[in-house]
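Undergrad: Listed below, chain by chain, are the residues.
2 protein chains.
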Amino acid sequence: MFKKGSLLILSGPSGAGKSTLIQTVLEKEENVYFSISTTTRPKRPGEVEGKDYYFVSKEEFEKDIEEGMFLEWANVHGNYYGTSLRPVLKALDEGKLVLFDIDVQGFESIKRSDLAPLATSVFVTTPSMSELEHRLQMRGTDTPETIAKRLQNAIEEMAYMKEYDFILINSELSRSKEQILAVAKAARLKRDPKEVEEFVGYWKTH
Amino acid sequence: MFKKGSLLILSGPSGAGKSTLIQTVLEKEENVYFSISTTTRPKRPGEVEGKDYYFVSKEEFEKDIEEGMFLEWANVHGNYYGTSLRPVLKALDEGKLVLFDIDVQGFESIKRSDLAPLATSVFVTTPSMSELEHRLQMRGTDTPETIAKRLQNAIEEMAYMKEYDFILINSELSRSKEQILAVAKAARLKRDPKEVEEFVGYWKTH
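The listed protein sequences correspond, in order, to chains A and B.
Our numbering puts the first residue of the first sequence at 2, with every later residue one more than the last.
Our numbering puts the first residue of the second sequence at 2, with every later residue one more than the last.
Everything labelled a hint here was simulated from the structure, so no lab data went into it.
A hint or two may mislead.
One copy or two, either will do: identical chains are not told apart, so a pair holds if it fits within one copy or between any two.
Stated by the list, open to error - The list that follows gives simulated cross-link-like pairs (lysine-lysine, DSSO-like), each with its CA atoms no further than 30 Å apart:
| hint | residue 1 | residue 2 |
| --- | --- | --- |
| 1 | Lys178 | Lys29 |
| 2 | Lys4 | Lys178 |
| 3 | Lys163 | Lys205 |
| 4 | Lys4 | Lys112 |
| 5 | Lys59 | Lys112 |
| 6 | Lys64 | Lys178 |
| 7 | Lys150 | Lys205 |
| 8 | Lys4 | Lys195 |
| 9 | Lys29 | Lys64 |
| 10 | Lys205 | Lys178 |
| 11 | Lys91 | Lys59 |
| 12 | Lys59 | Lys186 |
| 13 | Lys44 | Lys5 |
| 14 | Lys29 | Lys186 |
| 15 | Lys59 | Lys178 |
| 16 | Lys163 | Lys5 |
| 17 | Lys150 | Lys195 |
| 18 | Lys178 | Lys195 |
| 19 | Lys195 | Lys112 |
These figures come from a predicted structure and were not determined experimentally.
Here chain A stands alone, though its shape is the one from the complex (with noise of 0.2 Å):
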């Protein structure tokens, strides 16, 4: 009846437990697919090829750009991110549902693609910046000069909050996991405008 896919878009505040939430997805979700960036940045110790980022050169990264290959991209102090079109289209066409870990930047150009029609969008954060900078503390993974840009991305990133169909309080983690999980449910009920037409034209005559 369907078979096309759709797209469930998380953004946020670094520290406000995206990771996690797609990992619920992964873990409790059948046919899933998790949209993994490319790079140009150097792989840093310990990140693995094809699951931390797609590692490319300036040349190869550049090259698809020009052919229209991504589906966004961004220039962040020298080094491109994107999101690849290909591994995307592809696991939609396998009716899959695409999770995307991506900032606010990234989403305004999915919404600008021709897939903003299957995309679900929700926006994690915690319920202070308080709250963020205690949990990017206890993670131990960033000096006190990153985690205040983190603190200030955060900020900005922010503002782009009420742009999202859905906004996740990240308070308890057991109710967000149930949350994400209904969110993800329900974002597969978005439908192909295509598919709908034809399934229109079919219904009548069936």
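Given the structure of chain A, go ahead and fit chain B onto it with the hints provided.
TA: Below, chain B alone, put in the same frame as chain A:
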């Protein structure tokens, strides 16, 4: 944090199973209010005031229209039908999820109203028209003429399917129930833009 409730709108052909799905949400979810329509058509045997409809006189209805007291209304074959704004606003202020079983025109009116940013919409239908016909026949409440009219209405309504956020093809009831409960849980995460703005202000300073 967020006090205001949100709206969940169900539309789709009569006989597709909207009432059963609404019943499921009312049973399984807390803090839900089912919006009851107001009408000027005569009460039928077995219908209960405040359960099936609010029954009012033509004069009362027209006075409320003039005073802007309807979220949406229509005149169908000389009878008025509409959704009174007051109980909806009260339920929203109480943080409730407000459920609507309305036709496509009613949905279009809500989309043009101030409450649009709070609304999540689902179109519920059968896998085919013959299946809808079969269900209407099984229900045994309609004459062949009424069934023919309902099918004609259904064809017209199907044209609006693509305007809805989510599409639920009610083929297997247990699966449809799971789906509507997921959509209901997600719909609660739709937030009032004014409250979002206030929250962002709070967030940055706490």
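Undergrad: Work down the list of hints and note, for each, if the structure agrees.
TA: To see whether the hints hold, each was checked on the structure:
In the homo-oligomer, the alpha carbons of lysine 178 and lysine 29 lie at most 30 Å apart both inside one protomer (10 Å) and across protomers (18 Å), since each shortest distance falls under that limit. In the homo-oligomer, the alpha carbons of lysine 4 and lysine 178 lie at most 30 Å apart both inside one protomer (27 Å) and across protomers (21 Å), since each shortest distance falls under that limit. In this assembly of identical chains, the alpha carbons of lysine 163 and lysine 205 lie at most 30 Å apart only when taken from different copies (15 Å versus 38 Å within one copy). Taking the closest pair of Cα atoms, lysine 4 and lysine 112 come within 30 Å of each other both inside a single copy (22 Å) and across two copies (28 Å).
In the homo-oligomer, the alpha carbons of lysine 59 and lysine 112 lie at most 30 Å apart inside one protomer (26 Å), although the nearest pairing across protomers, at 45 Å, exceeds that limit. Proximity of lysine 64 to lysine 178 under the C-alpha cut-off of 30 Å is found in neither arrangement, the shortest distances being 39 Å within a copy and 47 Å between copies. When the C-alpha separation of lysine 150 and lysine 205 is checked against a cutoff of 30 Å, the pair qualifies only between copies, where the shortest distance is 14 Å, while the shortest distance within a copy is 57 Å. Taking identical chains as interchangeable, the C-alpha atoms of lysine 4 and lysine 195 lie at most 30 Å apart only when both belong to the same chain, with a minimum of 11 Å there against 38 Å between chains.
In the homo-oligomer, the alpha carbons of lysine 29 and lysine 64 never lie at most 30 Å apart, since the shortest distance is 37 Å inside one protomer and 53 Å across protomers. Taking the closest pair of Cα atoms, lysine 205 and lysine 178 come within 30 Å of each other only across two copies (25 Å); inside a single copy the shortest separation is 39 Å, beyond that limit. Proximity of lysine 91 and lysine 59 under a CA criterion of 30 Å is satisfied intra-copy only: 24 Å inside one chain copy versus 57 Å between copies. Taking identical chains as interchangeable, the C-alpha atoms of lysine 59 and lysine 186 are never at most 30 Å apart, the minima being 37 Å within one chain and 43 Å between chains.
With identical chains, the CA atoms of lysine 44 and lysine 5 are never at most 30 Å apart, being 34 Å at best within one copy and 45 Å at best between copies. In the homo-oligomer, the alpha carbons of lysine 29 and lysine 186 lie at most 30 Å apart both inside one protomer (11 Å) and across protomers (17 Å), since each shortest distance falls under that limit. In this assembly of identical chains, lysine 59 and lysine 178 lie within 30 Å of each other by CA distance neither inside one copy nor across copies; the values are 37 Å within and 49 Å between. Taking the shortest alpha-carbon separations for lysine 163 and lysine 5, both the intra-copy value of 28 Å and the inter-copy value of 15 Å come in at or below 30 Å.
Taking the shortest Cα distances, lysine 150 and lysine 195 sit within 30 Å of each other only across copies (28 Å), while inside one copy they are farther apart (43 Å). In this assembly of identical chains, the alpha carbons of lysine 178 and lysine 195 lie at most 30 Å apart only when taken from different copies (26 Å versus 32 Å within one copy). For a Cα distance limit of 30 Å, the shortest separation of lysine 195 from lysine 112 qualifies both inside one copy, at 17 Å, and across copies, at 22 Å.
In summary, the structure is inconsistent with hints 6, 9, 12, 13, 15 from the numbered list given earlier, while agreeing with the others.
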